[in-house]
Amino acid sequence: MATVTLRINGANRSLEVDGDTPLLWALRDHLKLTGTKFGCGEAYCGACTVFVDGNPVRSCSLPVSQVGNGAITTIEGISGPEAAAVQQAWIARDVPQCGYCQSGQIMSAIALLKAIRKPTDRGIDLAMGGNLCRCATYVRIRAAIHDAARALGG
Amino acid sequence: MVDGIYNQSYRLPNFLVETIDTPLPVPVYFMRSVGSTAAVFFWESFISDLANRAGIDQYTYRRNMLSHDPLALRVLDVVAAAAHWTTPPAPGHARGISYNCYVGRGGRFKTYVAQVVELAPDGDRLVLKRVFCAVDPGLVINPNTLTAQIEGGIGFALTTALHSRITFANGVVEQSNFDSYPLLAIDEMPEIVPLILPSDRPPQGFGEVVLAPVAPAIAQALLQATGRRIDVMPLPADAFRR
Amino acid sequence: MLRVPSVADMTLVRLLLSVFGLSACLVAAAFGQSPPSDAVARSVALFREAGKVLQHPRCLNCHPVGDRPTQNDTMRPHISRVVRGADGHGPPGLPCSACHHAANYDAAHVPGHTDWHLAPASMAWAGKSLGAICVQIKDPARNGGRDMAALLRHVSEDSLVGWAWSPGAGRTSAPGTQAEFGAVMRAWAESGAHCPPE
Numbered sequence: 001m002a003t004v005t006l007r008i009n010g011a012n013r014s015l016e017v018d019g020d021t022p023l024l025w026a027l028r029d030h031l032k033l034t035g036t037k038f039g040c041g042e043a044y045c046g047a048c049t050v051f052v053d054g055n056p057v058r059s060c061s062l063p064v065s066q067v068g069n070g071a072i073t074t075i076e077g078i079s080g081p082e083a084a085a086v087q088q089a090w091i092a093r094d095v096p097q098c099g100y101c102q103s104g105q106i107m108s109a110i111a112l113l114k115a116i117r118k119p120t121d122r123g124i125d126l127a128m129g130g131n132l133c134r135c136a137t138y139v140r141i142r143a144a145i146h147d148a149a150r151a152l153g154g
Numbered sequence: 155m156v157d158g159i160y161n162q163s164y165r166l167p168n169f170l171v172e173t174i175d176t177p178l179p180v181p182v183y184f185m186r187s188v189g190s191t192a193a194v195f196f197w198e199s200f201i202s203d204l205a206n207r208a209g210i211d212q213y214t215y216r217r218n219m220l221s222h223d224p225l226a227l228r229v230l231d232v233v234a235a236a237a238h239w240t241t242p243p244a245p246g247h248a249r250g251i252s253y254n255c256y257v258g259r260g261g262r263f264k265t266y267v268a269q270v271v272e273l274a275p276d277g278d279r280l281v282l283k284r285v286f287c288a289v290d291p292g293l294v295i296n297p298n299t300l301t302a303q304i305e306g307g308i309g310f311a312l313t314t315a316l317h318s319r320i321t322f323a324n325g326v327v328e329q330s331n332f333d334s335y336p337l338l339a340i341d342e343m344p345e346i347v348p349l350i351l352p353s354d355r356p357p358q359g360f361g362e363v364v365l366a367p368v369a370p371a372i373a374q375a376l377l378q379a380t381g382r383r384i385d386v387m388p389l390p391a392d393a394f395r396r
Numbered sequence: 397m398l399r400v401p402s403v404a405d406m407t408l409v410r411l412l413l414s415v416f417g418l419s420a421c422l423v424a425a426a427f428g429q430s431p432p433s434d435a436v437a438r439s440v441a442l443f444r445e446a447g448k449v450l451q452h453p454r455c456l457n458c459h460p461v462g463d464r465p466t467q468n469d470t471m472r473p474h475i476s477r478v479v480r481g482a483d484g485h486g487p488p489g490l491p492c493s494a495c496h497h498a499a500n501y502d503a504a505h506v507p508g509h510t511d512w513h514l515a516p517a518s519m520a521w522a523g524k525s526l527g528a529i530c531v532q533i534k535d536p537a538r539n540g541g542r543d544m545a546a547l548l549r550h551v552s553e554d555s556l557v558g559w560a561w562s563p564g565a566g567r568t569s570a571p572g573t574q575a576e577f578g579a580v581m582r583a584w585a586e587s588g589a590h591c592p593p594e
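Chains as they are written, first to last, in my numbering: chain A, 1 to 154; chain B, 155 to 396; chain C, 397 to 594.
Errors might be hidden in some of the hints.
What the hints assert, rightly or not - Heads up, simulated DSBU-like pairs for lysine-lysine below, C-alpha to C-alpha not over 30 Å straight-line:
(1) Lys-114(A) with Lys-264(B)
(2) Lys-283(B) with Lys-118(A)
(3) Lys-534(C) with Lys-448(C)
(4) Lys-32(A) with Lys-114(A)
(5) Lys-524(C) with Lys-448(C)
(6) Lys-264(B) with Lys-283(B)
To be verified - Estimated spans, in silico, between C-beta atoms of each pair:
(7) Ala-528(C) with Gly-246(B): 29 to 35 Å
(8) Ala-528(C) with Arg-319(B): 49 to 55 Å
(9) Leu-293(B) with Asp-94(A): 17 to 23 Å
(10) Gln-88(A) with Glu-328(B): 31 to 37 Å
(11) Thr-173(B) with Thr-568(C): 45 to 51 Å
(12) Glu-328(B) with Met-1(A): 34 to 40 Å
(13) Gly-19(A) with Asn-161(B): 57 to 63 Å
(14) Asp-29(A) with Tyr-183(B): 29 to 35 Å
(15) Arg-284(B) with Asp-94(A): 17 to 23 Å
(16) Gly-154(A) with Leu-293(B): 38 to 44 Å
(17) Asn-161(B) with Asp-483(C): 53 to 59 Å
(18) Asn-206(B) with Gln-88(A): 46 to 52 Å
As the list claims (entries may be wrong) - In silico negatives: residues of chain C with every beta carbon more than 10 Å from chain A:
(19) Ala-503
(20) Ala-522
(21) Ala-585
None of these hints come from the bench; they were simulated from the model. We put the beta carbon where it would ideally sit given N, CA and C, even for glycine.
Only chain A is shown next, with the shape it has when bound in the complex (with noise of 0.2 Å):
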């Protein structure tokens, strides 16, 4: 066990963790930031999506010890017009099913307009092919996606 200063959603958090410790386990049981969700502990799913200095990252495939100084944003902490321009799309088409894989789903999304304005529906596939959904919501995942685009201007 070792003290760990995390820079999270903007605030510097001390824990007492192991360095080996999953980034994930640290943000829900450590921090009580149980946004971020657990699917499958391998990146495989998506679910644990987190971005560190802006990129995103499976929170579940990265040890605190590599997290370094790097600025870890949840979906608690996420900002700027692309969060919100993604929030609202996903709000009005209604996406969530069951809802557990969502917070991936959005993250990823968000990096996803960070990165290309327009994306097709291919650029979108490629994208979101690492967040999987049980529920299949994917075709408003989709649809959601062009329609925070719109909101963007792109």
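Position chains B and C relative to chain A; hints supplied.
Below, chains B and C alone, put in the same frame as chain A:
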């Protein structure tokens, strides 16, 4: 086990369903659509075989066998019209049609479903491009939620039809995560065309009803496109080879 | 019988390297454009030895034909369903680095490296014969613009290539060591870089 068969809707003057309890080493229990995913895959594939044996178009054959049931005919006619069934598919493309009336436990509800799937060539494979789905679920209170169940239900059924394989070795399930037990991914999700029919009947059940017709419709389309008759689920990956 | 150094036999490699460096010069001087069949056979045999590394799943998985990498010793299609992208680092929105971090993380069974990425499509090896890979690997148009010196540096020093020998738990390592692999490749280059039939 025989949901969707013992209470099937085709006009069959002499029809008997018997079941034999078979002890399995693995406990079997419900999943979404209860027994109908497996049973209707068999049943609708059997109907497809009969139509082929009779040399009659799949839509026409089902229509003939359902002529006593106007609500069944309605979903079939609506889905066939939307999918332009009577116009042959483009070269290399293939379609399949299927039907099921989902009867809730003890006859508590009846929801009518008909689907047309469209396969399109993509390199050396066929891929599922579009699914038309006509439903008569009685009075619809919230069409948005219903549409979500059509989209998601078909996607859920596609995971079962294409991916979900459980195997055992030394008494233990070999699959342990999404690498060995994949879910449908977004790039495999076809376009969905929901066709919700108006109805004066009270609201019927809906959460599971669109699942069962998906796999037999795909199998029928594959038979038409490749000459290979698939009678196992998940449909093997090489069944989609052109 | 020709004795060919094994990527697992460093001492032999060193010995043969020196002998071969010398003999290659002598051969070239004595026979000009047409080396004796023994020398060609030896060069080909050296490349076959290197091929044990080049055609190992650790290498082929990220040198795929087509857009999608494979994974594991079984070389099954990669899950998640990722693609190469314009620069080999994944498509916009789903970079390789979303899952593959700076180092292997055995707790999640996810391998890592600071520059995890796919080889360009021009360097696709999976499913090709060793002879075809050999011709390809010498061709600057299909090896990232490398001359032989740069190619040898790449195979013996690049740390992502080197990951193949420290792949983390649950994955078999490429045979030998990166240094041995580099030495065999160098011996092959110095023997005339002859290729097996395609």
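A quick look at each hint next to the structure:
1. Our distance criterion of 30 Å between C-alpha atoms is broken by Lys-114(A) and Lys-264(B), whose separation comes to about 47 Å.
2. A hinted pair counts as satisfied when its Cα atoms are at most 30 Å apart, and Lys-283(B) with Lys-118(A) qualifies at roughly 23 Å.
3. Distance hint between Lys-534(C) and Lys-448(C) is fulfilled; the C-alpha atoms sit about 17 Å from each other, no more than 30 Å.
4. Note on Lys-32(A) and Lys-114(A): the hinted pairing holds, with a Cα-Cα distance of about 27 Å set against a maximum of 30 Å.
5. Taking the CA atoms of Lys-524(C) and Lys-448(C), the gap is about 14 Å. The hint holds against a cut of 30 Å.
6. Between Lys-264(B) and Lys-283(B), the direct Cα distance comes to roughly 29 Å. Compliance with the 30 Å bound is thereby established for this hinted pair.
7. Remark: the range hint 29 to 35 Å for Ala-528(C) to Gly-246(B) is upheld by a beta-carbon distance near 31 Å.
8. Distance hint for Ala-528(C) and Arg-319(B): a CB-CB separation of about 34 Å, inconsistent with the stated range 49 to 55 Å.
9. For the hinted restraint 17 to 23 Å between Leu-293(B) and Asp-94(A), the CB-CB distance of approximately 20 Å keeps it satisfied.
10. Between Gln-88(A) and Glu-328(B) the CB atoms are about 44 Å apart, so this pair departs from the stated range of 31 to 37 Å.
11. For the pair Thr-173(B) and Thr-568(C), the supplied restraint of 45 to 51 Å holds, since their beta-carbon distance comes to about 49 Å.
12. Separated by about 36 Å at the C-beta atoms, Glu-328(B) and Met-1(A) satisfy the suggested range of 34 to 40 Å.
13. For the pair Gly-19(A) and Asn-161(B), the supplied restraint of 57 to 63 Å holds, since their beta-carbon distance comes to about 59 Å.
14. For the pair Asp-29(A) and Tyr-183(B), the supplied restraint of 29 to 35 Å holds, since their beta-carbon distance comes to about 32 Å.
15. Between Arg-284(B) and Asp-94(A) the Cβ separation comes to about 22 Å, which falls inside the hinted range of 17 to 23 Å.
16. In this structure the supplied range 38 to 44 Å holds for Gly-154(A) paired with Leu-293(B), their Cβ-Cβ distance being about 40 Å.
17. Under the hint 53 to 59 Å, the C-beta atoms of Asn-161(B) and Asp-483(C), about 57 Å apart, fit the expected range.
18. The hinted window of 46 to 52 Å between Asn-206(B) and Gln-88(A) holds, with their beta carbons roughly 50 Å apart.
19. Not every CB of chain A is more than 10 Å from the CB of Ala-503(C) (nearest about 6 Å), against its label as outside the interface.
20. No Cβ of chain A comes within 10 Å of the Cβ of Ala-522(C); the nearest lies about 20 Å off, and the non-interface call holds.
21. Against the 10 Å criterion, Ala-585(C) stays outside the reach of chain A, whose nearest CB is about 37 Å from its own CB.
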